[in-house]
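> Here's the letter readout for the chains.
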Amino acid sequence: MKITVTVNAVDHTRDVEPRLLLIHFLRDELGLTGSHWGCDTSNCGACVVWLDETPVKSCTVLAVMADGHRVTTVEGLASGSQDSASQHGASQDGASQHGASQHGASPYGADVLDPVQEAFAECHGLQCGFCTPGMMMTARWLLDNNPAPTEAEVREAISGQVCRCTGYENIVKSILRASSRTIPGGS
Amino acid sequence: MQVPAQVEYERARSVEQALDLLARYGPAARILAGGHSLIPMMKLRLVHPEVLIDINPITSLRYVELAGGTLRIGALARHADLLAARETGRHFTILHDAERVIADPVVRNWGTVGGSLCQADPSEDLSAAFAALKGSMIIQGRGETREVSAREFHTGPYETVVGPGEMLTEIRLPVQPGSGSAYLKVSRRAGDWPVGAAGAAVLLDNGRFADAGIGLTALGATHFVAAEAEEFLLGKSTDDDILARAGEIAAEHAHPVSDQRGPVDYKRHLARELTIRVLRAAIARARQTRAHERTQGAPP
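Line by line, the protein sequences give chains B and E.
Add 727 to a position in the first sequence, counting from 1, and you land on the number used in our numbering.
Add 238 to a position in the second sequence, counting from 1, and you land on the number used in our numbering.
Simulated from the structure, these hints should not be mistaken for laboratory data.
Being a predicted model, the structure only gives us computed values, none of them experimental.
No residue lacks a Cβ here, since even glycine has one placed at the ideal position from N, Cα and C.
Please note that the accuracy of each hint is not assured.
Listing some non-contacts, in silico: residues in chain B with all C-beta distances to chain E over 10 Å [to be verified]: (1) His751; (2) Lys784; (3) Ser806; (4) Val839; (5) Gly856; (6) Phe857; (7) Pro874; (8) Cys892; (9) Gly894; (10) Asn897.
Not everything, but these chain E residues come out facing chain B in the computed CB check (under 7 Å) [what the hints assert, rightly or not]: (11) Pro242; (12) Pro343; (13) Val344; (14) Val345; (15) Trp348; (16) Thr393; (17) Gly394.
Chain B extracted, bound-state conformation (with noise of 0.2 Å):
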């Protein structure tokens, strides 16, 4: 079945099999691996990306569902960070569909990353990486619905995703952290 999904503000028209699940379709026929394939039982959200505008886990959602919908992946996370978007010519409201905020050059590179991906270096929010990509959205999602969440409300978003190494703190102070920087008016 031939559909067409916009990842990253980038259309891509492919021919799956509807059984195919969404991450895999990222990450297998798009190269996206930044999404990763985890529990594949909807229990650990390493897969978390968005679909239009929220957060769902991958490994439960097939490709077909989202023909003609948006996808937004931790490689869309950072401002100027999907290359190829200018050359395929992006969607004009692509840039601005998750929310994030322009902020100055991003020491950690050439992209602008997105205030959450510079608290989580910040605040050592990873050690081992893997869970991380999906922690990341589910954060800029949750901060783009409440920008002031309490601990207990950071918590709550991400009790369906699974870390095996940090015990969760950091994780929780790096929300935290991005979400003091992206208050209006906070600095």
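Since the structure of chain B is already known, use the hints to place chain E on it.
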């Protein structure tokens, strides 16, 4: 690696189109809503649909609306929609209690209320909550729409009264002014299926039960309901010994099975204890509602 077996895929843009597709493919077809029950079942090869009929494009089935003393929930409403709806929290606290402990926030973003009900897992939380609230389900077929009590919707584990050419389109819950409700769940891990859970909705009149609904999840209650305990409570006071007796009756009539989540005697203990606690919580909320009404005037 868990992947579903080969399957055909159709997309419905209206209820009529979904019903036409169901008629065309017959029992080989399954409706795909959020897919958060169906896709895992397909991965485990526990179900083998030949055709999936994706109803996600039927956006008109996604709503949570309060009108004319009835809360109407579209079958395609996401769990997150139910949790976000203010009307739900105001009149049906039990649904917010239950939704907060269904899976996790990301799963609730995509999993649907109708899908959960039609999956009819004996451990699914909303079935008991809707049964406690004495709600009803709207089932649509080609040329016929019928309303079925929430207490008659399930015919057994993973089985409902929805026929081969039919689909669930709406859940209706009557608003009962002055009532209070609550849901309590015991699970081994955050976001897990319950070992056992109970929901209650009560209406008091001069300190006595004018109405009581008690739902039990994963505890082997027929139609998810502790009917004998409900009957016992009518007209009784809310004294501790009355609630304790209701808990005992609920446990006596529950028939839980032993599994990796717990042995029968523990689950029976949960049926008793959770019934008592959830009744207490529902009673407290009913009293709060009454007190609020006295100071603020009756709610709309």
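> Of all the hints numbered above, which does this structure not satisfy? Sort the numbers upward.
Result: hints 1, 2, 16 and 17 break, sorted rising.
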